[in-house]
Amino acid sequence: MSIAAQALAASGAVAPAASACAHCGAVLAADRERFCCAGCAAAYGIVCDLGLDRFYRSRTAQDGALRPDPEAEAIDYAAYVTGDAAGHSTLHLMVEGINCAACVWLIESVLAREPDVIEGRINVATRRLVVRWEGPAWDARRHVRRLAALGFRLIPFDPRRLAAAEQGAEREILRSMAVAGFAAGNVMLLSVSVWAGHGEMGPATRDLMHWVSALIALPAIAYAGRPFFRSALEALRAGRTNMDVPISIGVLLAAGMSLFETVTSGATAYFDSAVTLLFFLLAGRYLDVRARGRARAAAENLLTLAAKSVTVLDPDGGMRAVPAQAVMAGATVLVAAGERFGVDGRIIDGRSDVDTSLVTGESVPAVAGPGSSVFAGMVNLTAPVRMTVTATGEGTLLAEIVRLMEAASRGRGRFVALADRVARAYAPAVHALAALTFLGWYGIIGASAHDALLTAIAVLIITCPCALGLAVPVVQVVASGRLLRNGILLKSATALERLAGVDTVVFDKTGTLTVGRPELCADQARSAEDQCLAASIAASSRHPLARALHRACPDTAPLAGVAEHPGRGLSLADGSDEIRLGSRAFCGIAAEAASDGGPELWLGRPGRPPVRFEFTDALRRDAAEIVQALRARGLDVRLLSGDRTPVVADIARQAGIDLWQGECTPARKAAELAALRAQGRHVFMVGDGLNDAPALDAADVSASPATAADVCQTTADIVFQGDRLAPVREVLDVARRSRRLVSQNLVLALSYNLAAVPLAILGYVTPLVAAVAMSSSSVIVIGNALRLARPGRGA
Amino acid sequence: MNSLLLLIPAALSLGLVGLVAFLWALRSGQFDDLDGAAQRILFDDVDRPDKKGD
Chain Z
2 MSIAAQALAA SGAVAPAASA CAHCGAVLAA DRERFCCAGC AAAYGIVCDL
52 GLDRFYRSRT AQDGALRPDP EAEAIDYAAY VTGDAAGHST LHLMVEGINC
102 AACVWLIESV LAREPDVIEG RINVATRRLV VRWEGPAWDA RRHVRRLAAL
152 GFRLIPFDPR RLAAAEQGAE REILRSMAVA GFAAGNVMLL SVSVWAGHGE
202 MGPATRDLMH WVSALIALPA IAYAGRPFFR SALEALRAGR TNMDVPISIG
252 VLLAAGMSLF ETVTSGATAY FDSAVTLLFF LLAGRYLDVR ARGRARAAAE
302 NLLTLAAKSV TVLDPDGGMR AVPAQAVMAG ATVLVAAGER FGVDGRIIDG
352 RSDVDTSLVT GESVPAVAGP GSSVFAGMVN LTAPVRMTVT ATGEGTLLAE
402 IVRLMEAASR GRGRFVALAD RVARAYAPAV HALAALTFLG WYGIIGASAH
452 DALLTAIAVL IITCPCALGL AVPVVQVVAS GRLLRNGILL KSATALERLA
502 GVDTVVFDKT GTLTVGRPEL CADQARSAED QCLAASIAAS SRHPLARALH
552 RACPDTAPLA GVAEHPGRGL SLADGSDEIR LGSRAFCGIA AEAASDGGPE
602 LWLGRPGRPP VRFEFTDALR RDAAEIVQAL RARGLDVRLL SGDRTPVVAD
652 IARQAGIDLW QGECTPARKA AELAALRAQG RHVFMVGDGL NDAPALDAAD
702 VSASPATAAD VCQTTADIVF QGDRLAPVRE VLDVARRSRR LVSQNLVLAL
752 SYNLAAVPLA ILGYVTPLVA AVAMSSSSVI VIGNALRLAR PGRGA
Chain U
94 MNSLLLLIPA ALSLGLVGLV AFLWALRSGQ FDDLDGAAQR ILFDDVDRPD
144 KKGD
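The listed protein sequences correspond, in order, to chains Z and U.
Residue numbering for the first sequence follows the working numbering, starting at 2 and increasing by one per position.
Residue numbering for the second sequence follows the working numbering, starting at 94 and increasing by one per position.
Just so you know, the hints here were simulated from the structure itself, not pulled from any lab data.
Yeah, the Cβ is synthetic: ideal placement off N, Cα and C, and Gly gets one too.
Treat the hints with care, since some could be wrong.
[To be verified] Partial pick of chain Z residues on the chain U-facing surface, computed with a CB cut under 8 Å:
id, residue
1, 106
2, 123
3, 176
4, 179
5, 183
6, 187
7, 190
8, 318
9, 563
10, 566
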């Protein structure tokens, strides 16, 4: 990332490469000059009018992600605004579409140009934006529209819903690390002078040095060691042992013995080792917490997507926006066209088409009228409806799916992270070794109890798992950072470890292997004139097929006078006749006309033969390639879908998947995965629909695209962004390479101990040797982990 | 030997100043968005119209 000040200072708009859209950077179709769509042209105008056009020269990423979405869902932003006594309003938003630093600059600059905005600041790490302005809450809409027009997608969230406790833990570790670092530096200063003055320094000076060291080190250990002591105590109380037990014992014994030596004017003190050890371990712990914190922030961002309000109609005719979770059963709710159903219910008034793909995996919208049941997660497409909220408790579909998920995760069992497994074997071994050393020196060789204890403690110090504590977290931090840059969010700390061992990959169809929205099939028999007419009629509808038709001819302007007949189609009065665009029956076409059952629209005009428009839910661009690549890695690739069998068969053939099943219910999918796991397979599930959620939970490890249903993104271990499947391959490769590096690091750390332990047992480990051995092993482990960050390796 | 009585407290107090500065920075939220801080240094200042302070 480099933005030369020179380039920034230059003024005037410069058109980018002729083949890319000047605003979003998407590759242009042959017939387009500068912009891919009207939205981009408008956005470019806004940016240039504000004099911010240097944005286009300083940005580093252009992938078409910044295309404004004219169909962006309208959310009631004012409900999320908090006001204060001074008349200032504050809105917290999550921003999608930030690619690079220039986007941050653009958003903040655009907000700064608004005269009433006091503060508009983005947290780059968490992609969250805070806007404060002078004025009432409803101004929120204006600010949000402004940014949405530039192509950024904004989702409001309530910061109080986000857990603050974990953030506190991260800060506590950072504070402890600062204290330990301060103490380590100063104690080392004093220790070096003791080592350097060895033989020449008088005992009085040496004792002074030890006393000063003790005064610095003991409070620092008491403060900075708390995270380890607490965790060790918890483990011991529960009758277990973890890595923190040998750490705590080692540090406390080293400090205690050094204090005893200082008081009795002895020659050796290990204050520096104890404090340095804490410092390195805290660094590892901080990296660990931070990586988890990022994953958590990502998960929280996803959870806030559920923070939507529904419009409740009061008996007296009033309307009010209520958070979905606060709606009572029996209430009447109004759902506008284009809005997502926030609750389960039964329609009492209105007819509409309902997109059920998130719930059932079915790619063709269903017709809903009075009496139809609808479920949270479905989208109301064509006309407003009123519905009665049915039971909000255990009876809802969502609750059913949540129950299935709970059952599935109980079956998953507890996965024990590699580091914990090592710790379980390591701690008892180390303590036995120290005990044997003491007994050997005291009982067999006949050394004094004091000397034997000193040697035994030296063994404990040298085996303190400093490098072990760093071996796993450093690799995880580097891996998750690398994945994050590629738009892949790791939500679970052990996801990479679980992923490295998978041998079977199961895909869902709609929205996972496919893009999840219909596209118009090319047809030579159709004239361009017919297509344009159909597109100009379709332009005024939100039905996915109509939208697909309009996307195919984006330049056509919507015709006036188009009437929408929900569940059937669109009509346009043409003199005394009527042009119809819609279903087979709506256009009066006989049933015998050719059909393969796929989604279709017909254009019927009086006196002319009907024209058929066929649609398909296209594969993601690289789906076949990725399936191929996964197979080349020795993985068994399967497809489980809730859609109709012929559609699934066709997609499976295109993607090159031999093992597939259609018409799977959510329970069937979960059972299928359980059966695979019962065969001893390790299953990686990739899915996006509500109907996939139990299966995602039943798998060893799971991934969802960022477009998936909220509940899936909450369940999945990994969430990936973008419209390609390549992240699936990338995350598998990084996982396998991470496992290799973690193993290497563990071997490195253990071999260090193997080399140093004999020296310690023989009594050759002085404080100097201990300090050097520990620091160098930590540095080597970190260096090895950083190899993962090098581009071109492991990808 | 006497110089030590001066130098050790001097070294310690300098270290303490650093520690306190770090803890202050941590408390005032300067470590909350490290990525953003790294990138903002590259931006020109946004020319803002006159505004009342925060």
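So, going through the hints one by one against the coordinates:
For the restraint placing residue 106 (chain Z) at the interface with chain U, the shortest Cβ-Cβ distance is roughly 5 Å, inside the 8 Å limit, so the hint holds. The restraint placing residue 123 (chain Z) at the interface with chain U holds, with a minimum CB-CB distance near 7 Å, inside the 8 Å limit. With 8 Å as the threshold, the beta carbon of residue 176 (chain Z) comes within range of chain U, its nearest partner Cβ sitting at about 6 Å, so the hint holds. Here the hint on residue 179 (chain Z) is kept, as its CB sits about 5 Å from the closest CB of chain U, short of 8 Å.
Using the Cβ-Cβ criterion of 8 Å, the hint placing residue 183 (chain Z) at the interface with chain U is satisfied: the shortest such distance is roughly 4 Å. Hint on residue 187 (chain Z) holds. Least Cβ distance to chain U is approximately 5 Å, under the 8 Å limit. With 8 Å as the threshold, the beta carbon of residue 190 (chain Z) comes within range of chain U, its nearest partner Cβ sitting at about 6 Å, so the hint holds. The criterion of a C-beta within 8 Å of any C-beta in chain U is not met by residue 318 (chain Z), whose closest approach is roughly 42 Å, and the hint is violated.
For residue 563 (chain Z), the interface hint is violated, since its Cβ never comes within 8 Å of a Cβ in chain U; the closest pair sits about 44 Å apart. At about 51 Å, the closest approach between the beta carbon of residue 566 (chain Z) and any beta carbon in chain U exceeds 8 Å, and the interface hint on this residue is violated.
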